[in-house]
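Engineer: Going line by line, the protein sequences match chains P and V.
With numbering that gives the first Met the number 0 applied, the first sequence corresponds to residues 0 to 278, in that order.
With numbering that gives the first Met the number 0 applied, the second sequence corresponds to residues 0 to 167, in that order.
FYI, nobody ran anything at the bench for these hints, they're computed from the structure.
Among these hints, one or two may not hold up.
[Claimed, not checked] Some chain V residues flagged as far from chain P (calculated, every beta-carbon gap over 12 Å):
1. E17
2. E36
3. S65
[Said to hold, decoys possible] Pairs of lysine-lysine, DSS-like flavour, derived with a Cα cap of 30 Å:
4. K184/P x K147/V
5. K153/V x K13/V
6. K184/P x K5/V
[Unchecked claim] Taking beta-carbon pairs under 8 Å as the criterion, some of the chain P residues facing chain V (in silico):
7. V237
8. R246
9. L260
10. L262
11. A272
12. G276
The beta-carbon is built from N, C-alpha and C at its ideal position, and this holds for glycine as well.
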Amino acid sequence: MSHPATQRSAGEHFLGAGPFLGSGRLYHPADTSLDSKTVSDDQLIQHYVPLGMMTQLRELPGGNDVVPILIVDGNGTGLEDRFDRKYEPYISLEHPIFTFSIVANNLVGYTNIGFDELQPKVRFVSSAATTRLPDEQYDSTGDVLTDRLIRFERDQEDDTTSDLQDLMDTLFENGGSASLTLSTKDAYMSRTLSPTAYGAYLRSLGRVVDGPSLALRLQTLVDALRDAHPAVRDAAAVGLAALGSHRALQALQDAATRERLPLLRQRLSGVAAQLLGPT
Amino acid sequence: MLLARKVLVAKWAKAHAELDAPVPADPLGDLKTDNNELSVWEVADDLADLDDLIAAMASVFENLSSCDVALVSEDSVLSRGIGWRSSPGYTRIARAEARHRDLHSLTGADLVSIAEVFRRGSFHMFQDREVAVRLAAAVTRRDLDVDKLSRKWKALVVPLLLPNTGGA
């Protein structure tokens, strides 16, 4: 095994779709660099993981090396396809999901696992350099929000009158924004939440007043612009309009360019125009 | 004359894009009736009063929200045999109340027919801050008391007001 990914220094982690697999794409909507790259512990934990990258750190038996397990989806279409099509925004249930491991600068293998097996593992990251939230805290806040979003849809609530926003404000104010964001995305990807319910969450996400979670909320909304469901893309645009960050401008313009539904294109362009100038 | 209905654009996007296909069910969720009546608002053909209407509707919003509206010609609805009558609209802008109508005696088939009309209409989308700008304009004109707005809206609108135009 001589892939450059294995030539890393202590404290660095390889990120990238594995050419050693012959195919596959890195699951990381925010990172447009498809090829492999090496980042530090701090970068991995502070930048990539909070943005929702499906990464988990673990210690392998028999060693004290903390290694990344990178999860990619591979469809066997080869490297050219990987470079041309860029990355997929979300893991597809139909695609195989791999974890692969590097130990002592060597790729020791990869495993094809199912989505059900993946799901409980990707909620938060644990390593020597970060502290995992207590499970009960993670589960309780995540469940409260998920339950509330399900009720929002079931009762056909409306943003103008629902108290969902109050709950969101409270949960974010009390901290745990990273776990909340990941757990809600998990709930959507596992189909616990419908696109309508997840859309309500995204709209509210843009309205939360919580400075520390701004970057995370921005990235979550930008990621959602690539969702397969129109209700989610539309909600992401509304959320980004509420957030009002110029950093979303390029993503909105790109989304408008690739959007096929005229009304959503109108929304995306309108929000981009709003961010560009006076209302 | 145009008729406006508050909608969620996400529910209409596919129906609007695929006009040859039957009306899907999702848009009907935006056509909730009460006593078999559907609330709509009048808008001038040249859209000159559309901003005022957005302010009128948003003046009763408790929470921050975007406001999407679908507009169709009055004739396109009435030509389907659907009746209407004037009724005061729910708004905190008094002079806008008279621009409200109820389409009445509606059947399920009528709703599908109305959805068919609306999906061919024009859609206008106003994000939170764009709504706030229109509310601020209404306050400035003294059509709306800023203190009647919910706390969240007031926080967004007050900074947009010119001095001595109300609030703050």
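Engineer: Decide, holds or violated, for the assertion that all CB atoms of chain P are farther than 12 Å from the CB of S65/V.
Structural biologist: Non-interface label fails for S65/V: nearest chain P Cβ at 5 Å, not farther than 12 Å.
Engineer: For the pair supplied as a hint, K153/V and K13/V, is the alpha-carbon distance within the 30 Å limit?
Structural biologist: The given pair, whose Cα atoms are some 35 Å apart, is violated under the 30 Å limit.
Engineer: Next item in the hint list is L260/P. Is there a CB on chain V closer than 8 Å to its CB?
Structural biologist: Holds, because the Cβ-Cβ distance from L260/P to chain V comes to roughly 4 Å (cut-off 8 Å).
Engineer: Take the C-alpha atoms of K184/P and K147/V, compute the straight-line distance between them, and say whether it is at most 30 Å.
Structural biologist: Violated, at roughly 37 Å.
Engineer: Mind checking the CB of R246/P against every CB in chain V and telling me if the closest is under 8 Å?
Structural biologist: violated, 17 Å
Engineer: Is the Cα-Cα distance between K184/P and K5/V 30 Å or less?
Structural biologist: holds, 29 Å
Engineer: A cut-off of 12 Å on Cβ-Cβ distance, and E36/V was said to be off the interface with chain P. Does that hold?
Structural biologist: E36/V is indeed farther than 12 Å from all Cβ atoms of chain P, at 18 Å.
Engineer: Under 8 Å, Cβ to Cβ, is where V237/P needs to be relative to chain V, so tell me if that hint holds or is violated.
Structural biologist: holds, 5 Å
Engineer: Take a quick look at E17/V and tell me if its Cβ sits farther than 12 Å from every Cβ on chain P, holds or violated.
Structural biologist: At roughly 9 Å from the nearest Cβ of chain P, E17/V sits no farther out than 12 Å, so the non-interface label is violated.
Engineer: Min Cβ distance, L262/P to chain V: is it shorter than 8 Å?
Structural biologist: Holds - the Cβ of L262/P comes within 8 Å of chain V, reaching about 4 Å at its closest.
Engineer: A closest beta-carbon separation below 8 Å is what the hint needs, so does G276/P meet it against chain V?
Structural biologist: violated, 12 Å
Engineer: Against chain V, with CB atoms and a cut of 8 Å, does the hint on A272/P hold up?
Structural biologist: violated, 10 Å
In this structure, the hints that do not hold are numbers 1, 3, 4, 5, 8, 11, 12, in rising order.
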